[in-house]
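There are 8 protein chains.
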Amino acid sequence: MRGGNLSTEEALDRLGSLPYVDLGFAKIDTHRSLRRGFPEAIFCQGKSLEHVEEIVRKMRENTNRFMALRASEEVYERVKRIAPEAVYHPLARAILIGEEEREDEGGSFVSVITAGTADVAVAEEAAVTAEFMRNKVKRLYDVGVAGVHRLLDHVTELREANVLIVVAGMEGALPSIVGGLVERPVIAVPTSVGYGASFGGLSALLGALNSCVPGVAVVNIDNGFGAGYLAGLINQMAKT
Amino acid sequence: MRGGNLSTEEALDRLGSLPYVDLGFAKIDTHRSLRRGFPEAIFCQGKSLEHVEEIVRKMRENTNRFMALRASEEVYERVKRIAPEAVYHPLARAILIGEEEREDEGGSFVSVITAGTADVAVAEEAAVTAEFMRNKVKRLYDVGVAGVHRLLDHVTELREANVLIVVAGMEGALPSIVGGLVERPVIAVPTSVGYGASFGGLSALLGALNSCVPGVAVVNIDNGFGAGYLAGLINQMAKT
Amino acid sequence: MRGGNLSTEEALDRLGSLPYVDLGFAKIDTHRSLRRGFPEAIFCQGKSLEHVEEIVRKMRENTNRFMALRASEEVYERVKRIAPEAVYHPLARAILIGEEEREDEGGSFVSVITAGTADVAVAEEAAVTAEFMRNKVKRLYDVGVAGVHRLLDHVTELREANVLIVVAGMEGALPSIVGGLVERPVIAVPTSVGYGASFGGLSALLGALNSCVPGVAVVNIDNGFGAGYLAGLINQMAKT
Amino acid sequence: MRGGNLSTEEALDRLGSLPYVDLGFAKIDTHRSLRRGFPEAIFCQGKSLEHVEEIVRKMRENTNRFMALRASEEVYERVKRIAPEAVYHPLARAILIGEEEREDEGGSFVSVITAGTADVAVAEEAAVTAEFMRNKVKRLYDVGVAGVHRLLDHVTELREANVLIVVAGMEGALPSIVGGLVERPVIAVPTSVGYGASFGGLSALLGALNSCVPGVAVVNIDNGFGAGYLAGLINQMAKT
Amino acid sequence: MRGGNLSTEEALDRLGSLPYVDLGFAKIDTHRSLRRGFPEAIFCQGKSLEHVEEIVRKMRENTNRFMALRASEEVYERVKRIAPEAVYHPLARAILIGEEEREDEGGSFVSVITAGTADVAVAEEAAVTAEFMRNKVKRLYDVGVAGVHRLLDHVTELREANVLIVVAGMEGALPSIVGGLVERPVIAVPTSVGYGASFGGLSALLGALNSCVPGVAVVNIDNGFGAGYLAGLINQMAKT
Amino acid sequence: MRGGNLSTEEALDRLGSLPYVDLGFAKIDTHRSLRRGFPEAIFCQGKSLEHVEEIVRKMRENTNRFMALRASEEVYERVKRIAPEAVYHPLARAILIGEEEREDEGGSFVSVITAGTADVAVAEEAAVTAEFMRNKVKRLYDVGVAGVHRLLDHVTELREANVLIVVAGMEGALPSIVGGLVERPVIAVPTSVGYGASFGGLSALLGALNSCVPGVAVVNIDNGFGAGYLAGLINQMAKT
Amino acid sequence: MRGGNLSTEEALDRLGSLPYVDLGFAKIDTHRSLRRGFPEAIFCQGKSLEHVEEIVRKMRENTNRFMALRASEEVYERVKRIAPEAVYHPLARAILIGEEEREDEGGSFVSVITAGTADVAVAEEAAVTAEFMRNKVKRLYDVGVAGVHRLLDHVTELREANVLIVVAGMEGALPSIVGGLVERPVIAVPTSVGYGASFGGLSALLGALNSCVPGVAVVNIDNGFGAGYLAGLINQMAKT
Amino acid sequence: MRGGNLSTEEALDRLGSLPYVDLGFAKIDTHRSLRRGFPEAIFCQGKSLEHVEEIVRKMRENTNRFMALRASEEVYERVKRIAPEAVYHPLARAILIGEEEREDEGGSFVSVITAGTADVAVAEEAAVTAEFMRNKVKRLYDVGVAGVHRLLDHVTELREANVLIVVAGMEGALPSIVGGLVERPVIAVPTSVGYGASFGGLSALLGALNSCVPGVAVVNIDNGFGAGYLAGLINQMAKT
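Chains as they are written, first to last, in this note's numbering: chain A, 1 to 240; chain F, 1 to 240; chain L, 1 to 240; chain Z, 1 to 240; chain S, 1 to 240; chain D, 1 to 240; chain B, 1 to 240; chain W, 1 to 240.
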């Protein structure tokens, strides 16, 4: 029978190496930045200004690089009081705390592609996240399938990317097309852009999930952060 | 006030010009073939062999060209007894009664395109219908977005078509791509091909409905007949 | 093996003939108006006033006839500064830039029909689009199935149309009725008009998709532009 | 405060007047036939042959007129052993026990209408139920909206009915049309007839529920019995 | 063959007896009030104040009794200018034009029942509609299944009603319970009252549709008018 | 035959022991607090301030301990005028009337756990309800599966609880994990926290319902009150 | 910062006390029966006969009381070879291994109630599970809301139960009614019984989730085992 | 303006480098295996035996390593005649053609994890695919959240993996837990394992998509091949 032969060391290693800060209403995980060098992220949407403030204050005591996402101007004004070094990306609605100068990371890069102009906000969230994780990012916006020549015009660049994030609402066809043109992982981000039978992004989500191209995986509707994080993870693996 | 000034002639013209045959359990419309020269169609699925037989017998007395759709081999065997001239297209699961020799209809044609091999049955239903309505049809099968070069290889032919029927399951991206490449009406036929989150064709349906390309309209999932009929209608308008 | 025998010319023709203007956040397609004489359309909903302005400015440099859709009064005020010739259709929420005088286009026309009064806005988007593409349009509003005599009163006119756009919310029955009365393509536009189990237009959409009448195709919920564009395309084919 | 002033008699009357037979696995309600003269119904689908047999046996001891619905030939064979007077309606899949001779019930009647031939089985369940409740029924089958003239040809008869049951699958438009032509209650029965985006009757159900015509109510998909019962109830009220 | 033998008289009778007023954006049906003595209804929601005004003005010229539904205070203020005799029922959000004194209609009545207090607005729309059609109405509010004794306390009254309208959100169980207690038609009105998995009234709608009690029919979510109209229709049949 | 042998006493006991107060628009149940000692609850959402006031006034005359839920500050201001002893819990949005001092209830307690900070409001509704029913509650917030070590750090406490309420939005995985760690009933409360494909709490709801762990039951999305009430019920059973 | 202060003992206690048997394709949990005295359960549906056999063999070596659920006759034949003491409950489709004689457990009992006869199989799974966990169970079948007097006839028994399991398909109204009559936890089990708009149990599920009665919680559709297990858990708490 | 400056070479390179074999009913892509060294895959489900045979024959002439998926025993028998070297993996339902001996690929590996035993078939499809792409795979089956200790027992191994595939039906919680424990990409494969409210894998799909853990991406329900392919792609990037 398994289960009894766990050495004490292993058990401690598993549990004890994952510290956190307890604020009562929140338990802040800091192990990711400590161990992986990856940034923690605060999801501001649905949190009161006071809660965001308190979390940012505590976070800053325990880690020197983190993000605040889905952050309005108003949230940024508050955060700046506590963390004057905070930088705001309005399009991405992201606040970066502890962003240092990025030297050029070399040739390996993440490509962030959108189908339309309205998908740009989600794409920027992805791009800023990947950059904050110290990845080089190239943007290619508004190359949706209505005019596939705009995409084909950039095939060479697409093929040089290590990972590709494809952000698309409406019919969600772009991830499949891109996936058929490259030999690298494609992360599809369906967006809630559209109307009528797009049902808040459902059509783009189903489109991406049912892609007939292997090598495509999907994150939640509008989840730019998740796509950027995953792309950053994969790109760094390829570099090492 | 409107409504009182209808001349007797108009009213009669409206109603009296649409005769039908009453079988009790079915009232057979024959006006389409009489007036338009368009074939009537019997939808066999869900009807008993006896009912199909009886309808075919009556239909044949009133019109000399009609189709039976979603027809199994077994249905065909029955139909042949009554209408020995009936021709069966097994892939399309369609029986044609009164199919005459088609002379070459000239340059104007309908293009029928599929994303995959599994979409071919629905495509054939569309193609056979359009042909039975005396349209020239060109088929282009298995050119889905996973390898968009297979499609691009045929752009010239696509651009010469008068109307295009695009049959696609899974993510349903092909109608959008085709729509972006041509300047003619595109009729999308979502198919129930797929698995998991394709939900019986829902993903392909939503994909087609949310197409960002103008000039694309959609028929019901697997409705090859409807697409072929509509394409035939449009193509004939262009010819006259 | 196919694929290697593409002549250089063909390849270039395919890709090179589709130019666009790159604004960074948007890649403006201008080939449609150049090549087809069809108007480009800007979808304003969800775009910032600044983006719309910038796109209109660039568009105007490259083409002399285009539309801006889902445009509020406020958007129109901005657009007028750049393009003083712009004309606003408030009911359709459409801005037309480069609209010239239309001479009477002759007998061939597009019929735009609504089930109810609340469907008129979507119908106007369709009508204005078809007119901008230089098609004659006849409107027939509020003839839904609750009083089918209002529709029957206009059967003669319906039968003279080249293409029919049927705009209907709620149960979406009107496209089927109209489809049964005419011998021309019917484009159904489900609308989000309704309440309760209309589920934002889903009931009208399913109603139209499941039409038992051949010759009916469907566009997205509230997609007046798509219907008008497609009807215009078909009507012009019939004229040539 | 209410609640304490219930007289003993009232309480007893409420509860005691509703007797039932307890079989352990089933508690058979017999009060409807006793009190109202309405037939009880056994829903056979999903019940074992043994259970149906036992229920029929007990039912027959307590009431002399009842129905068994969704009953296969096989079920009928079993029932006949216990109740040799049982009559089977194969199209309706209904067994009637205790059906007496019906004299002509006079002018007042229920109209049962179907959109297509495939809706006839559900319609027959409705018709047989209403007849068993001693209502006169007139059938009008296959008059769907694809050829609205077939329906208009019978407007006079429709207007003479006391109640109308409209059975329709696919787009479910017929109840609305009929409702617009008559001044009597219309009971819509959506059916699971259709394919693709009919989603097992959902499209017909939503079509009927969203009817813009007042005077239309809806029962469950394929629920012919419920519609027949309700129509019978209403028709009898009008007679008394 | 049927269809040719329509006498001129019949055809005219069918079509010509249904006059309407054409406002361009609306075609006002007036035949219901003319012929049946039933009131016409204007659905105000989603219509501009100007449109409502114009429709009311025309309606008043052609009929002397009609309703305006889903009408805000603001709409009422406008309507009063044109029709000073208009009466507003704020809870029902209904305006009645031409409401005369109702003498006591005798014993026969419609029962309007709600599960909760939040369902009262929809119930009042139903009650006011039935009353405007000259039916006697008895209200029984807030007797939902959480305390079934509140309902049982009124069984005698329920059993005396000719028709019963049961208005319920959330789980929608009340129509089934009431249906089991009476021997008269029950019209279920699901409401959008609820939260979470009530999905805007879907749970109450499905609850009512799946009722295991025969004699229950369903109208659209929140459709008080439809229920009141149908109940009025049935109650009047019973009176005559 | 059963049903006739009900003694008068039993029938009266059943119905007469459940009194209520009739306000016309509401019938206030007071039997729960009278008999069980459990608090009645008023659901304020969707009720007018006047209605809430009137209900509170009547309720206070008949029972001395009750709650008002989904209550805004504004509602509280009104309630305080009538019931100055009312206490407001802003996070839980609950008003308690008649809250007495709670002595320490001893060792037996209810554990209320949340996956994230955004789930705290729903959790507080549950906690306050259970406390008002005189149960001891221990809170454990923000221990979702993204950092399962935060949860494992409290396993000992979890195992000491009598009942556990697990409040989780998004993927709704926490109830399953907790259920696998304890040997007590787990009540899952899915929340509408999330975005995109969370579809207003549907993902969390389905996650909880499909839990592979026995001993987990689910209440409606965001239904903190229901969970708190049920947990209180179970905890009190264990105490007695 | 939390997380570092875990004593070695605690960590080991958490992890080491949960042993399991590793079969490669399955890891059999045996801690529940060891620690809680609760039976483990094997879910047979979708497993090969060989896998079930192997799991039963290993399970039997490690624990002397366990269940196999969703087990066909065929599965039972196989299991009996390995475990001749196995007992099969065909209605519940459950195999019990190690079932000892149950002495009468005294007054405290679980009530299992069904709405209809077709819900009995799911109810038996619940009942057998609770009994196997050494709880007394009383069954009350076929007391659905169509004839609420059948239920009211047993109110006294319902009120004596410690926990109530209510099994209902179709409209799922019974859990709410029962919940309103008792003062104990009610566990609702929606079933897939029904047709049409029951959508495989969705209507009953939504009905139960939206119950307006506090004290009701819900398990997955057809999940008799989960309900029986949870009821057993609660009943045992009340006994100790 | 962009679009004109494409050099001939680039255009040719883009299109001409993607050859395919045209079978009429299928256009076989062979560029992936030629260029990337990645295997092509034939999806057998829904294809006739004849079609599969013909595709395999042609495929084998153009590439020496490919897979056939969703292949029954019967399909394998056919394939073996044409390709005697074909190897069948019955659990994965996969045929490998051209599988060579794999030397040990070194330390870098893909981890394939399942929640339950019933998820193993999908997991094997993923594992076999990744192995065929020359990746080392470690399997860890049946470690779902019901007994989270079984998973924690293998944390060290999980942390050593380069990429992790997590296959889970029902509530789909496992990907989130695994994602919280590792610092590598996690690919979630929802499965259709479950019943009731799992709705064919929808619950597991939504669970995975709504994961609160960054670094998790999702493929279609039951899409083992897609997950294996993507994992192989990522793992190989890390190796180079």
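Derived by calculation from the structure, the hints in this document are not laboratory data. Given the structure is predicted, the values throughout are model-derived calculations rather than measurements. Any given hint might turn out to be false.
[As the list claims (entries may be wrong)] Calculated pairs, BS3-like style, for lysine-lysine (alpha carbon to alpha carbon, straight line, at most 27 Å):
1) D/Lys239 to B/Lys136
2) Z/Lys80 to Z/Lys239
3) S/Lys239 to Z/Lys138
4) L/Lys136 to L/Lys239
5) W/Lys239 to W/Lys138
6) B/Lys239 to B/Lys138
7) B/Lys239 to B/Lys136
8) W/Lys80 to A/Lys239
9) L/Lys239 to F/Lys239
10) D/Lys136 to B/Lys138
11) D/Lys239 to B/Lys58
12) D/Lys80 to D/Lys58
13) W/Lys239 to A/Lys136
14) F/Lys239 to L/Lys136
15) A/Lys136 to A/Lys239
Status of each hint after checking the structure:
1. At most 27 Å may separate the alpha-carbon atoms for a hinted pair to count; D/Lys239 and B/Lys136 meet this at roughly 20 Å.
2. For the suggested pair Z/Lys80 and Z/Lys239, the alpha carbons sit about 34 Å apart, so the restraint of at most 27 Å is broken.
3. With a CA separation close to 24 Å, the supplied pair S/Lys239 and Z/Lys138 stays within the 27 Å bound.
4. Note on L/Lys136 and L/Lys239: the hinted pairing holds, with a Cα-Cα distance of about 11 Å set against a maximum of 27 Å.
5. Pair hint W/Lys239 plus W/Lys138 holds up; C-alpha atoms about 16 Å apart against a cutoff of 27 Å.
6. Between the alpha carbons of B/Lys239 and B/Lys138 the distance comes to roughly 17 Å, so the proposed pair stays at or under 27 Å and holds.
7. Among the hinted pairs, B/Lys239 with B/Lys136 is consistent with the structure: their alpha-carbon atoms are about 11 Å apart, no more than 27 Å.
8. Between W/Lys80 and A/Lys239, the direct Cα distance comes to roughly 42 Å. Violation of the 27 Å bound is thereby established for this hinted pair.
9. Note on L/Lys239 and F/Lys239: the hinted pairing holds, with a Cα-Cα distance of about 10 Å set against a maximum of 27 Å.
10. Only pairs whose Cα atoms come within 27 Å are accepted, and D/Lys136 paired with B/Lys138 is rejected, the gap being roughly 32 Å.
11. Restraint check: the Cα-Cα separation between D/Lys239 and B/Lys58 comes to about 38 Å, which exceeds 27 Å; the hinted pair is violated.
12. Proposed proximity of D/Lys80 and D/Lys58 is supported: the alpha carbons are some 14 Å apart, at most 27 Å.
13. In summary, the hint linking W/Lys239 to A/Lys136 is supported, as the alpha carbons are separated by about 20 Å, within the 27 Å threshold.
14. Restraint check: the Cα-Cα separation between F/Lys239 and L/Lys136 comes to about 20 Å, which is no more than 27 Å; the hinted pair holds.
15. Distance hint between A/Lys136 and A/Lys239 is fulfilled; the C-alpha atoms sit about 11 Å from each other, no more than 27 Å.
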